[in-house]
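All chains should be modelled from the sequences, with the hints used to inform the complete structure.
Those protein sequences? They're chains E and F, same order as listed. 116 is the number that the numbering used here gives the last residue of the first sequence; the numbers go up by one with no jumps. 1112 is the number that the numbering used here gives the last residue of the second sequence; the numbers go up by one with no jumps.
By construction, these hints were calculated from the structure, which means they are not laboratory data. All C-beta atoms, glycine included, are put in the ideal place defined by N, C-alpha and C. One or more hints might be untrue.
Ranges of calculated distance between the beta carbons of each label pair, as one might list FRET restraints [unchecked claim]:
1. F:Ser1026 <-> E:Gln14: 38 to 44 Å
2. E:Gln17 <-> F:Ser1018: 48 to 54 Å
3. F:Lys1061 <-> E:Thr5: 21 to 27 Å
Take a look, some chain E residues computed to stay more than 12 Å from chain F by CB distance [stated by the list, open to error]:
4. Met15
5. Gly16
6. Gln41
7. Ser66
8. Gly72
9. Ser73
10. Asn74
11. Lys78
12. Ile79
13. Leu105
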Amino acid sequence: EPEVTQTPSHQVTQMGQEVILRCVPISNHLYFYWYRQILGQKVEFLVSFYNNEISEKSEIFDDQFSVERPDGSNFTLKIRSTKLEDSAMYFCARGTSGVANTGELFFGEGSRLTVL
Amino acid sequence: AQSVTQPDIHITVSEGASLELRCNYSYGATPYLFWYVQSPGQGLQLLLKYFSGDTLVQGIKGFEAEFKRSQSSFNLRKPSVHWSDAAEYFCAVAGGNNDMRFGAGTRLTVKP
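Below, the structure written as structure tokens:
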């Protein structure tokens, strides 16, 4: 059983549409991360989230993106107006007490986003 | 910010042969280093990690890696590769901040 469940597993959307990707950790953890992987390319860090606020974000994570944990359980990544280049696999991960402490992130199986 | 370079995009080895995947990192202080494996269509699974102490770390599935500060390297090794080891391997580095950065990955093909 995965440590993190992601939904949807695959979403196809039209360019300009809003997309919400969801991540449901099984245990109650504080640290969450979003990464993306464009087909055939490296896994890229997007954002880390701790205690209900963003702690780090990369240059990729611009105003088009937002994250929140509205109900204290689901951790969501919203892409406001999707572009073709947003097509990628998006991975959610959770950590127990921060990457620098435990060193391990537990990844979900990913949500594949296809923008047409 | 920290970064990782994996010089080999694709490596092919014969089943039973030894394997070494290269990883070089860039970080100003002592890094936290990881190797993850990704099978086709799957998420990322941690193979092993280095924080401090013994520079040779053992991981799952018979993998090991050695941290060499002088070379800024953290190469992954396995003495005898199995067909099931065919996958994409990612080296990653984390610093005192709260994010992990991955290398571009090395695709391993295992010949029968």
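Is the nearest CB of chain F more than 12 Å from the CB of E:Gly72? Consistent with the label, E:Gly72 stays out of reach of chain F, its closest Cβ about 20 Å off (over 12 Å).
Could you tell me whether the CB distance from E:Gln17 to F:Ser1018 stays inside 48 to 54 Å? 49 Å, holds
If I take the minimum Cβ distance from E:Ser66 to any residue of chain F, is it greater than 12 Å? At about 17 Å from chain F, E:Ser66 clears the 12 Å cut-off, so the statement holds.
Taking the shortest Cβ-to-Cβ distance between E:Ile79 and chain F, state whether it exceeds 12 Å. Holds, because the least Cβ-Cβ distance between E:Ile79 and chain F comes to about 19 Å, which exceeds 12 Å.
Would you check whether the claim that E:Asn74 is not at the interface survives, using Cβ distances to chain F and the 12 Å cut-off? Correct as stated: the minimum Cβ-Cβ distance to chain F is 18 Å, above 12 Å.
Far enough from chain F: is every CB of that chain over 12 Å from the CB of E:Ser73? 20 Å, holds
E:Gly16 non-interfacial with respect to chain F [C-beta, more than 12 Å]: The claim stands: E:Gly16 keeps its Cβ more than 12 Å from every Cβ of chain F (closest is about 28 Å).
Interface-negative label, E:Lys78 against chain F, beta-carbon threshold 12 Å: 20 Å, holds
With 12 Å as the threshold, tell me whether E:Met15 passes as away from chain F on beta-carbon distances. 25 Å, holds
Holds or violated: is the Cβ of E:Gln41 farther than 12 Å from all Cβ atoms of chain F? Non-interface label fails for E:Gln41: nearest chain F Cβ at 7 Å, not farther than 12 Å.
Verify the CB-CB distance for F:Ser1026 and E:Gln14 against the hinted window 38 to 44 Å. 40 Å, holds
Between F:Lys1061 and E:Thr5, does the beta-carbon spacing fit 21 to 27 Å? 24 Å, holds
The structure fails to meet hints 6 and 13 from the earlier list, while all remaining hints are met.
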